[in-house]
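Asker: Whole structure, please, built from the sequences with the hints as guidance.
There are 2 protein chains.
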Amino acid sequence: MTTASYHKDVVYTQNALERLHQIDRERKHWERIAATLRWDQETYLPLRGVAERAEQLALVEGAVHRRAADPEAGRLLRELGSETGNPGGGGGLPPVERDFLKVLRRAYDRAALLPQEFVEAAARAEGLSLAAWVEARRNNDFAALMPHLQTMVDMARKKAAYWGFQGAEVYDALLDCYEPGFPAAELVRHFGILRERLSALLRRIGPRGGEAFLGRDFDLGLQARYSRELMDTLGFDHDRGRLDTSAHPFTTTLGSHDVRITTRYHRDNLVSGIFSTIHELGHAFYELRAALALGGSSLGEGASMGIHESQSRLWENVIGRSRAFWEGQFPRLQFFFPDQLATRSLGAFYRGINQVRPSAIRIEADEVSYSLHIILRFELEQGLFSGNLTVEELPAAWRAAMRDLLGVEPETDAQGVLQDVHWAMGAFGYFPSYALGNLYGLQFWKKLCADLPGIESAIAKGCFGPIHAWLGDQIHAWGRRLDPPDLLRRVTGETLSAYPFLEYLETKYTELYGL
Amino acid sequence: MTTASYHKDVVYTQNALERLHQIDRERKHWERIAATLRWDQETYLPLRGVAERAEQLALVEGAVHRRAADPEAGRLLRELGSETGNPGGGGGLPPVERDFLKVLRRAYDRAALLPQEFVEAAARAEGLSLAAWVEARRNNDFAALMPHLQTMVDMARKKAAYWGFQGAEVYDALLDCYEPGFPAAELVRHFGILRERLSALLRRIGPRGGEAFLGRDFDLGLQARYSRELMDTLGFDHDRGRLDTSAHPFTTTLGSHDVRITTRYHRDNLVSGIFSTIHELGHAFYELRAALALGGSSLGEGASMGIHESQSRLWENVIGRSRAFWEGQFPRLQFFFPDQLATRSLGAFYRGINQVRPSAIRIEADEVSYSLHIILRFELEQGLFSGNLTVEELPAAWRAAMRDLLGVEPETDAQGVLQDVHWAMGAFGYFPSYALGNLYGLQFWKKLCADLPGIESAIAKGCFGPIHAWLGDQIHAWGRRLDPPDLLRRVTGETLSAYPFLEYLETKYTELYGL
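As you go down the protein sequences, you meet chains V and P in turn. The opening position of the first sequence corresponds to residue 1 in my numbering, with each subsequent residue numbered one higher. The opening position of the second sequence corresponds to residue 1 in my numbering, with each subsequent residue numbered one higher.
Relax, there's no trap hidden among the hints.
Facing chain V, according to a computed beta carbon distance under 10 Å, are these residues of chain P, among others:
(1) R32
(2) P46
(3) L47
(4) G49
(5) A58
(6) D244
(7) L254
(8) S256
To spell it out: a stretch of chain P is covered by chain V in this simulated footprint if at least three of its residues, at any positions, have a beta carbon under 8 Å from a beta carbon of chain V; those stretches are:
(9) 20-31
(10) 37-45
Some chain V residues well away from chain P (every beta-carbon gap over 10 Å; in silico):
(11) A168
(12) R216
(13) D219
(14) F336
(15) Y350
(16) V356
(17) F464
(18) P466
(19) A469
Source of the hints: derived by calculation from the structure; they are not laboratory data. Heads up, the beta-carbon is just placed ideally off N, CA and C, and yes, glycines get one too.
Answerer: What follows is the structure, given as structure tokens:
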């Protein structure tokens, strides 16, 4: 090859890469426009605006898909593939660009198989299903949601079929959308260990009384002000995001410098709002730092839902429900709520926020029983997609599994099968990432504590900079460059394991309850 | 022509019309997606999210334009035109469909002349200019806005050039975007009458002291609650819209059943927030009723900015600042703010909300001086587009015109040329519609009072149903079917006139001040 033709290839590669980045950025802009419409739907949309919003979302999802499945991107990806032997192709590029091509190629291969009409119809159906779920939950009326849920199941199957999956492969394909690298069979193994040891721990703890003072009357406006202040304390930049309220707390990214979280406040439950805020903050820190490191490209996001959840659950539970954390923060909380808290001890508060008591609601669950809620959903999802379970049978199957796994029974479907939005939005295969987040999280945390001795006393002083720096450099700044198993190995040198999480819980609760 | 071919034509016409409606609905969905992004930018967008939002808006405006200038729509419009002699064409259609074709054809003829790249670049530039205006106003720094403003002027000229207008025609073309049927020369005539009689009335009123109790400390949360309650009282359906706060109050339509208004509250000014809310409500009532009558088509909106402004200013001023209105509402306002108002009389409050005192700020202006603020902007816009005035000269020209027209001088540019967002958004030719709104409004009101004798006592009883019914049937339900001059003639039998407005003011203030 002559120097001139090599030079020409390099220029071609640079141009092709720049064009791919352009298409990718535009796709992402569209995704964030959709995120804005959804954020608004969850926070502020008037009741009667829902139907038209579904039409709007269908158009925007159509535009997302048009970019995600852009034939020009397909052509450029093929030409830039290392398999072409192009000297300026994958092989000769900087590592970050090779990761970009890997991620983009995978997304393209999936998107290109979905017809445009299917994507738009799915978005419209999801919008209406979401609205139906809100109503169904409010009215405790599973039957009203049923046809929508059936549509969601059918559409998920159809999507997997477009990708070439059938039968037992369908659920694996759905799992892979949220958590690449962990098929159902592997989850079964980890979840089996979790189920056994968590159930044993629950039995050892047994029934315990709560700290009633956390259920007294807490002014909603004051709770909101406290949450906002806590965001400051934990290092959130209010110029790059905001906090609102919604029925179901969530985090969403509307731009590289615009990550929104929501929480909700209950008058008779101080704990719920605080820990929802901290949980969502964990997601927001991840998104904001990934975007800073990798900008508006496909790489500048969380690696997977499970890794995401590891961050939110680390902040919420491992940090937020630690004694050290409240050594620093309790006095200020007492200042906000003197009538309820001034005479209470840190110890009583610490016991209160770590009360273990299996209940029907996942997002109110304690750390010990939480993963059992996930296992329940995982098993029902497997049933739905293996054909062993129909949508109609879900409410009864839910109640039976609740009795079996947690020993409780929801009083209503609203507090049972209707409690979560995920299925109503067609997000089958999403739930397992919550439990995976617990596992990843404690594997990361073990390493963080080894790298940062004395971190507990920093937390007690309200000093969170070292944690931000460590999580930022080790995890967040990598964005989507590494798949979850690779990221885990890079950070900890380990493969996925349930034991650090189980040991953390067993140590914490043995001490707390003097078992 | 045989019956069969006639039948075929009818079917063809129906299909073509349905397809046009489809394209039109999709364009409107895109417009409302853009409106959602803009609403969010004005209410909740974090500071650093602005730059990406401009990119997002450029994409959405591109999608709007792609539909507005869809060649398929152009072809269908030509084929359905009455000039084709098609028996199922314009001539044979129901009146509402003929109006639809008229409105769509006019919009298409304009849109098709604008290149896609120009529309997207303009949207991007407007987003950045809007953000620059927020900063410039905050920092009282006109120089920082200047390059953006120059871009806005250049783009407005370029847009007019695409449409085939040059020189003196440019400003008329811009005016026509907001108010079809009133070229600058005609505005000069009406505004001349306004200027003379309003200045004379201002001189007769002379300098007067205010009612200081309206400037005491009013809790912002209570003001917000009062505004929300007032919306109920006036008949707003909270399932079809909502109230938020923003720096500059506005109304925007995010869906046929989703009209959002904003207001803002000042601790030391009770009046400002209340009347901003009522003003924007006037716009919202119009939009919601038009959408109910004519759905998501291009017809289901306000007829023009001026007609829109007639509705908002009717509610704000003619109804909201009337003595009858507060006979019904003052006791409840006193209940909200007993410390400041309990000992005040209705008469003192009525004088307070109608205090005439020329000031630098348009949106705080009293009814008498308000139109003079508009005349000032109209004259400066004429100067900008005739080439007699440069962007750089605007601040000085603004101050000189303020002295001349209103006898006041703004202390800073922030309170002068930077006070309004319109020019920074490229909306040249928009301001005159505010003054036209005053004129239309009083022409409508005169007819309403003739049709509904005793309306004043209904208002005093807090009964607004008859007003909603009259405005709804006579004006709102017509949407954009009629151009402003035709609508005015249909409702009142008159052509545009400044006299009903002037007579209303002269009567009201002669009585108020015992002149």
